[in-house]
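Colleague: The residues making up each chain are set out below.
There are 2 protein chains.
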Amino acid sequence: MSTPAVQFWYEFGSTYSYVAAMRIERLAAERGGPVEWRPFLLGPIFAAQGWNDSPFNLFPAKGRYMWRDMERLCRREQLPFRKPSQFPRNGLLAARVALVARPEGWCAPFSRAVFHANFAEDRDISVWETVADLVASVGRDPAAVYERALSAENKEALKALTEEAQRCGIFGAPSFIVGGELFWGNDRLEDALDWYRQEIALPRAGATT
Amino acid sequence: MSTPAVQFWYEFGSTYSYVAAMRIERLAAERGGPVEWRPFLLGPIFAAQGWNDSPFNLFPAKGRYMWRDMERLCRREQLPFRKPSQFPRNGLLAARVALVARPEGWCAPFSRAVFHANFAEDRDISVWETVADLVASVGRDPAAVYERALSAENKEALKALTEEAQRCGIFGAPSFIVGGELFWGNDRLEDALDWYRQEIALPRAGATT
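Protein sequences, first through last, are from chains B and X. Under this note's numbering, the first residue of the first sequence carries the number 9, and numbering increases by one thereafter. Under this note's numbering, the first residue of the second sequence carries the number 9, and numbering increases by one thereafter.
Bear in mind the hints are in silico, worked out from the structure with no lab data behind them. Predicted, not measured: the structure shown is a model, and the values here were computed from it. Do not rely on the hints blindly, as some may be mistaken.
[As the list claims (entries may be wrong)] The calculated SDA-like cross-link candidates involving lysine to any residue, where the alpha carbons are at most 20 Å apart (straight line), are:
| id | chain 1 | residue 1 | chain 2 | residue 2 |
| --- | --- | --- | --- | --- |
| 1 | X | Lys167 | X | Asn98 |
| 2 | X | Lys70 | X | Ala55 |
| 3 | B | Lys163 | B | Gln174 |
| 4 | X | Lys91 | B | Pro68 |
| 5 | X | Lys70 | B | Lys91 |
| 6 | B | Lys70 | X | Asn98 |
| 7 | X | Lys70 | B | Lys163 |
| 8 | B | Lys70 | X | Phe54 |
| 9 | B | Lys167 | B | Asp61 |
| 10 | B | Lys167 | B | Asn60 |
| 11 | B | Lys70 | X | Gly193 |
| 12 | B | Lys91 | B | Ala56 |
| 13 | X | Lys70 | B | Ala56 |
| 14 | X | Lys70 | B | Pro52 |
[Said to hold, decoys possible] One side only, chain B facing chain X, incomplete, derived with CB under 8 Å:
| id | residue |
| --- | --- |
| 15 | Phe64 |
| 16 | Lys70 |
| 17 | Asp195 |
Quick reminder that beta carbons are idealized off the backbone N, C-alpha and C, glycines included.
Just chain B, with the same shape it has in the complex (with noise of 0.2 Å):
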């Protein structure tokens, strides 16, 4: 039987996820919850409601909002930010190394440093030559890594995590679920962790007394 968790998913061309991923850690230890790091892609999500480019793109006004929201949250936040000179920027490259990553234990520490080339850097996520840089930077061996990320079967991983984010209901990210219960935006990561604790936790420990 699997121990739930709470899943965290993201995009790492997404803004609020950005913020999200700063966060997840600090609160999780602070309020309980395993926390299982689940990147997906957006772009088939989008492209299934008829989007071909971000909503921050194609609807203007909710764009401009959320440059400032931004700019307002991460100074809240204490988060470096710089608006990126491109957006979104294209996340499958990290997404699959991030992939890789994962059962090894180093993807949480690869995916924050994915954010903040992003977001507080505005390096290309998108290219070879970031993402080796970043997987040098969490001790890990770029070359290694480039081999297992574009191996076939990461590539149908990743594809499939996104395929099982679309049956779940995710529509944008970053979202949270927890016990089939699905969170969406960083703004109701506190609601998803106190999800877990009063829906999962205390249950548990109840049971087991």
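Put chain X on the given structure of chain B with help from the hints.
Modeller: The following block gives chain X in isolation, referenced to the frame of chain B:
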């Protein structure tokens, strides 16, 4: 010189506007900040984005999520909630009445009554029979209100307010504007009130001492 306030922009058909309408006066009393109720219409604003319906209907995954989120949110806020059998309901008539109510000081209780009818009692707020009941429930004479609500001047005033919303960058409801700063969504209500205190009330208090 006009006194700055926390502008609360809402639409009677909007689910999250209901939650914000029920919370705002209590939170504003706790945190300080005069609230200005600003009913407007989302229809023309969605139309400008190319939508002829609520995004919660146009994008089914988003819609399914919203209804579940509303259940959770209303339970937490201890607000009654019944999913309306029709969504979104046309808030035009109620918004016209709310505009009549503003200068007379009964806009807030009337607006809460409309939201309660729509989202707790599943009543059809688009028809005069319902709206007349709600006007009477806050101690006003429906017949006298009806005439003023449907005057050319009042119709024009609602149109102008909706155009102002659009000019201010509003793209959804509820929204809050505080000293030119836009906040979107019930989730941002606390932020909007904090902004008022930090950026408007405290500097003003400093300036007068």
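Colleague: Each hint needs a verdict: does it hold in this structure or not?
Modeller: To see whether the hints hold, each was checked on the structure:
1. X/Lys167 with X/Asn98: 15 Å, holds
2. X/Lys70 with X/Ala55: 18 Å, holds
3. B/Lys163 with B/Gln174: 17 Å, holds
4. X/Lys91 with B/Pro68: Judged against 20 Å, a Cα distance of about 31 Å means the pair is violated.
5. X/Lys70 with B/Lys91: 27 Å, violated
6. B/Lys70 with X/Asn98: Violated, because 23 Å separates the two Cα atoms, which is more than 20 Å.
7. X/Lys70 with B/Lys163: 27 Å, violated
8. B/Lys70 with X/Phe54: 11 Å, holds
9. B/Lys167 with B/Asp61: 19 Å, holds
10. B/Lys167 with B/Asn60: Roughly 18 Å separates the two Cα atoms, so the pair holds.
11. B/Lys70 with X/Gly193: OK: lysine 70 of chain B and glycine 193 of chain X at ~12 Å, within 20 Å.
12. B/Lys91 with B/Ala56: Judged against 20 Å, a Cα distance of about 27 Å means the pair is violated.
13. X/Lys70 with B/Ala56: 12 Å, holds
14. X/Lys70 with B/Pro52: This hinted pair holds, its Cα atoms lying about 15 Å apart.
15. Phe64: With a closest approach of 11 Å, the phenylalanine 64 of chain B hint is violated.
16. Lys70: 5 Å, holds
17. Asp195: Holds - the Cβ of aspartate 195 of chain B comes within 8 Å of chain X, reaching about 4 Å at its closest.
Taken one by one, the earlier hints fail for this structure at numbers 4, 5, 6, 7, 12 and 15, listed in ascending order.
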